[in-house]
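**Q** Next come the chains, spelled out residue by residue.
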Amino acid sequence: MKAERASWVKTRVIARIEALSYLRSPTLWVSLLFTLLFTVWTANLATTRSLELFLRSGEGLAMMLTAFVVTILISHGFAREEREAFDDVWNSLPTRNAEQFWGKVVGAAGIGLLFLVGLLSLLPLGWFAVGTVWTETTSGVVWAYVAQTIGILMFSAGLAVFLTGAVANLRLRYVLGLLVVVGLSIAQALGIDNHALWAVLLSPYTLGSLPYSQSLLFGLWPWGEAVVWHVLFQGSLAGMLILLGRLAYQRRRDPVQRTVATKIALTSLAICAVLSVALYVQYWNEVAATVDAQVYHDVQPGAVRTSDGKVALPAQSISHVRALGYDLQVRLTADAELHITAEVALAGDPEQSPWPLTLHHQWEVTEVWGDGIKGWTREGNFVWLELAPGAAPHSVVVRYRGRPLLWDKQIGVINPMHFMGERGGYLSPLLAWYPLPGQRRLVSVLYDMGQTRHWVEPVTDPLVTEPVPIRVRWEGPQQLRVVANLPTIEHSDAQGVHQAVFAGQSDGISLLVGALERIQASELTIVGAESVVHGAEVLGPAYDALVDFYEGLIGRALPREPVVVVPDWLARYYNRFHYRVPVSAYGQPGHMRPLTHMGAKPVVTESALAGAVRAAERWSRTESPHDLLAATAAINYGLLESIWGRPYTFQTVAEEQPVAQGIAEYLLLRWAEHVLGAEFDADLRAGIRAGTVMQRLNEREGVAQQVLTTLIDIEERHGDAAVSFVLGWVYDRLAVRPIDVAGFEEIVALRVGGEAERRPFQ
Amino acid sequence: MQVVIESLYKQYGKVEALRDVNLQIESGMFGLLGPNGAGKTTLMRILATLIPKSAGKVRIGPYDLDTEPHKVRELLGNLPQSFNTYRNFTAFEVLDYVAVLKGITDTKARRRAVDQVLEQVNLSRSAKARVGTFSGGMKQRLGIAQALLGNPKLLIVDEPTAGLDPEERIRFRNLLGDISRDRIVILSTHVVADIESVCSALAVLNRGRVVYTGTPEELARQAQGKVWSLTLPAGEVDRLRAVKILARRQTAEGVQIRCLADQAPSNAARQVAPSLEDGYMVTVGSGLEVVAS
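As they're listed, the protein sequences go chains A and B.
Numbering (my numbering) for the first sequence: 114 to 875.
Numbering (my numbering) for the second sequence: 142 to 434.
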């Protein structure tokens with residue numbers, strides 16, 4: 114008993130001396146201060162409006178920096194006696210290895226604690242600085258941040274202890290520490306897990322972040338068992354590293370001492386780590402199996418056949434089957450399963466039976482019926498309708514259910530692009546969540562050099578050749594709201610159930626489901642996660658100024674579609690419409706891609722909206738034109754898309770968009786000139802006309818640029834009235850049908866006449 | 142208490158640092174003498190449980206070094222070559238820390254012990270000064286103070302006077318002499334004067350082997366009848382054959398020489414009484430093991 118007490122006292126005193134030594138080291142304080150300042154700096158408080166965004170952008174490289182600094186500091190501490198030439202005395206003292214080792218570990222834990230307190234102090238600091246609301250997502254992200262911080266610190270301590278035990282040379286130890294920390298950070302970006310899924314577990318961070326998606330709307334995704342296995346693995350790994358360090362430490366000093374307990378603990382941790390790897394891999398294999406099946410169906414030519422039996426990559430144009438209208442009943446159950454009944458009005462060649470429909474293979478089809486339909490079969494992404502002899506079906510009803518999930522991993526981060534879960538999800542028409550006519554190829558898959566899939570992207574071919582009437586009846590849990598690209602006809606809440614009806618003409622249907630809040634800022638409606646739309650009312654005046662300006666220039670009352678705020682990662686898969694006006698020097702980023710995956714609704718990402726709100730707050734104080742430009746930049750692109758893209762939002766840009774794109778670019782230029790006035794660089798306009806400041810990448814962009822220069826010509830020769838005339842006509846025409854080059858020339862000729870101007874594209 | 146070393150070997154790869162070392166060390170000051178690279182520090186580090194031996198047996202008191210290193214450490218006080226310690230801590234903090242690690246967990250007892258050793262090494266007035274500000278001599282005294290804590294039965298002191306000025310060296314030797322009364326103190330050095338003044342017994346190591354064990358007087362006697370003194374004109378010194386010159390001094394009459402030789406190197410040579418250093422030179426220089434009667 115007395116010996117045990119003495120042992121405990123020794124361990125405690127060693128820990129105290131260790132902690133004191135750390136605390137007396139200026140290196141520690143400088144490192145801590147530098148890490149915190151770096152974290153705050155990377156968090157970019159100037160544009161961050163929510164704690165979630167603050168943490169997300171703040172952890173970045175800071176976590177890697179933390180890992181490195183803590184590894185070095187602890188490694189330095191473990192080598193303290195060696196550095197101070199006290200090791201011969203230290204090792205000949207009557208202290209047990211365990212007392213020395215655990216004393217040092219506990220002392221080092223003091224450093225970890227200090228860093229933990231420092232990094233966690235960013236929570237109240239961030240909370241105070243960004244002043245947002247606390248939501249369920251905030252809790253989730255905060256927990257993720259805490260878990261990640263603890264994980265990083267544990268891992269760093271484990272690495273330091275292990276390196277100290279395994280590598281005698283101090284400098285070599287530092288170099289190895291740096292290589293491991295940086296290597297793990299970029300390993301996933303280099304695609305190590307393309308070949309071994311479990312390898313993702315090795316890294317506690319990916320470029321400083323957890324390798325999972327985070328958003329204000331859905332929180333951490335997936336915040337489920339995969340993350341639990343990941344954290345378990347990290348804990349086991351850190352423990353194993355510490356115990357391996359312990360064995361190496363003991364081998365040096367007392368090779369004959371028994372190490373049974375350490376070895377048992379080490380084995381337990383190894384079992385824990387292997388188990389977590391197995392469970393993690395099993396989880397993702399189950400998910401990946403569905404995706405790989407998807408890839409198979411989409412990529413293997415043999416899996417796709419045209420109705421005449423030829424092998425070909427499917428495209429909408431190869432089918433004779435057309436959809437003339439949709440009536441969808443969508444019900445989301447409490448366990449996040451979707452039950453859908455889709456009635457599709459069809460037309461096609463009755464001689465060519467069976468008729469193909471494309472419906473993502475993750476949906477389980479339970480019933481198919483309709484006049485003239487004799488039977489049906491399910492094959493991969495397709496439903497084949499067997500027609501009765503001589504019958505020409507006018508409609509078909511398909512009943513199906515499922516919980517779709519299609520994910521992708523880029524730069525080591527797992528992102529869902531099409532999914533539904535307890536916290537909501539996103540359904541894209543591009544991924545056939547309702548029956549599309551004919552056979553469609555749904556995703557493009559890119560392969561790395563090792564022939565391993567590393568990129569999945571939806572194919573943006575036309576969905577339905579012409580806009581058709583669509584009606585969607587939604588029913589789901591009351592806490593989840595739904596936004597569609599179609600106008601809302603009615604909505605109600607009763608007995609815990611939210612119902613909504615959307616109807617309109619479009620070529621596709623997309624649904625965004627989640628704990629969506631709606632705020633009204635003057636004439637601007639914003640729909641998004643509570644913590645990002647909170648306080649966004651300040652954007653109202655900036656938005657009004659922007660729309661008023663466009664309305665004056667176009668001469669039409671523009672629709673005030675709600676702005677939909679989507680998770681940043683979701684934007685990656687569905688954006689297009691590439692504006693190229695290089696006005697980045699004036700507060701608007703050049704080469705910006707607006708988001709088009711909510712149809713005619715302007716869409717912005719969560720971080721873009723947060724930045725816009727910050728800029729609007731500054732503008733309300735400073736009235737600086739640059740702040741106004743920054744406040745309207747993100748919404749501007751979505752707004753222009755909604756004006757000039759509609760109603761052909763889901764059409765491919767290669768088809769009809771170049772004219773609209775040129776017009777949009779002209780409006781970007783005019784808005785920047787209008788806001789900046791004399792500050793605007795006049796040479797830019799001349800450069801655009803001369804074609805010296807825009808780079809033509811392809812024919813389509815050449816057309817867009819010609820539209821832009823034509824409008825500049827009209828403005829400079831005939832004034833704004835002529836511009837308004839042309840834009841107004843184009844706008845009216847777009848409401849009816851897409852506009853091509855000939856149509857644009859026709860409108861220009863109507864107003865300005867003259868051979869040269871009438872044929873601007875020759 | 143005794144330290145018994147039997148057939149001790151230590152190899153570093155193919156290099157034999159210690160070969161068949163046999164020693165029996167009793168209480169008192171024991172000197173370990175030998176040229177650089179003789180294996181003194183290797184032997185001291187083995188005794189201090191810092192490195193393992195390759196073969197042989199070592200018992201320190203009742204404990205076997207192999208099987209009970211922790212028990213051995215409880216008997217030990219160790220002052221290694223070029224001692225240093227935590228520069229950011231005060232002398233008192235360092236000693237207090239070492240005292241706890243040596244098992245003095247009672248606060249009052251520890252305070253007394255630390256004060257006592259500080260007094261012993263004459264560092265009481267610098268107790269609150271940071272070690273980083275200490276001179277070489279003060280650090281060595283602090284080193285011996287930490288070694289003395291816990292009243293160890295075996296004190297291992299490796300080259301303690303290296304780098305000290307003459308005054309510090311004498312003070313240090315006296316200090317060692319004082320503390321060796323009731324314990325074994327093994328003093329390793331290549332400075333013969335350190336041994337001469339304080340050791341009651343010694344061993345000479347050369348190329349990893351013990352070439353002499355006995356008392357300093359007996360070691361000195363190894364040179365009995367072989368130490369000569371003579372004065373020669375400057376030009377004739379180089380003509381001397383079969384002598385090992387120990388010292389030469391320029392005088393008005395010529396060069397005064399002290400040398401080792403089996404026979405008188407010249408008629409002018411006169412025999413002189415051998416010193417410990419002469420005995421050491423005979424022992425190390427002959428390469429033969431000489432065992433005192």
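Rather than coming from a laboratory, the hints here were simulated on the basis of the structure.
All figures in this text were calculated on a predicted structure; none of them were measured in a lab.
One thing to keep in mind: the hints can contain errors.
[Said to hold, decoys possible] Heads up, simulated DMTMM-like pairs for lysine to aspartate or glutamate below, C-alpha to C-alpha not over 25 Å straight-line: (1) B:K280 - A:D853; (2) B:K249 - A:E195; (3) B:K198 - B:D256; (4) B:K269 - A:E195; (5) A:K376 - B:D207; (6) B:K212 - A:E477.
[Unchecked claim] Here are the in silico distance ranges between beta carbons for each label pair: (7) B:A270 - A:L136: 46 to 56 Å; (8) B:P307 - A:A378: 37 to 47 Å; (9) A:I299 - B:G178: 46 to 56 Å; (10) A:V288 - B:A270: 44 to 54 Å.
Using N, Cα and C, we set each Cβ at its ideal position, and we do this for glycine too.
**Q** Compare the structure with each hint and give your call.
**A** Evaluated hints:
For a cut-off of 25 Å, the pair hint linking B:K280 to A:D853 is broken: about 90 Å separates their Cα positions. A distance of roughly 30 Å separates the Cα atoms of B:K249 and A:E195; the hinted pair therefore is violated under the 25 Å criterion. Only pairs whose Cα atoms come within 25 Å are accepted, and B:K198 paired with B:D256 is rejected, the gap being roughly 38 Å. Between B:K269 and A:E195 the alpha-carbon distance is near 24 Å, which keeps this suggested pair within the 25 Å criterion.
Between A:K376 and B:D207, the direct Cα distance comes to roughly 22 Å. Compliance with the 25 Å bound is thereby established for this hinted pair. With a C-alpha separation of about 73 Å, the suggested pairing of B:K212 with A:E477 is violated against the 25 Å cut-off. Remark: the range hint 46 to 56 Å for B:A270 to A:L136 is contradicted by a beta-carbon distance near 20 Å. Checked against the hint of 37 to 47 Å, the pair B:P307 and A:A378 fails, with Cβ atoms roughly 56 Å apart.
For the hinted restraint 46 to 56 Å between A:I299 and B:G178, the CB-CB distance of approximately 49 Å keeps it satisfied. Hint check: A:V288 to B:A270, Cβ distance near 37 Å, so the stated range 44 to 54 Å is violated.
Consistency note: the structure conflicts with the earlier hints numbered 1, 2, 3, 6, 7, 8, 10.
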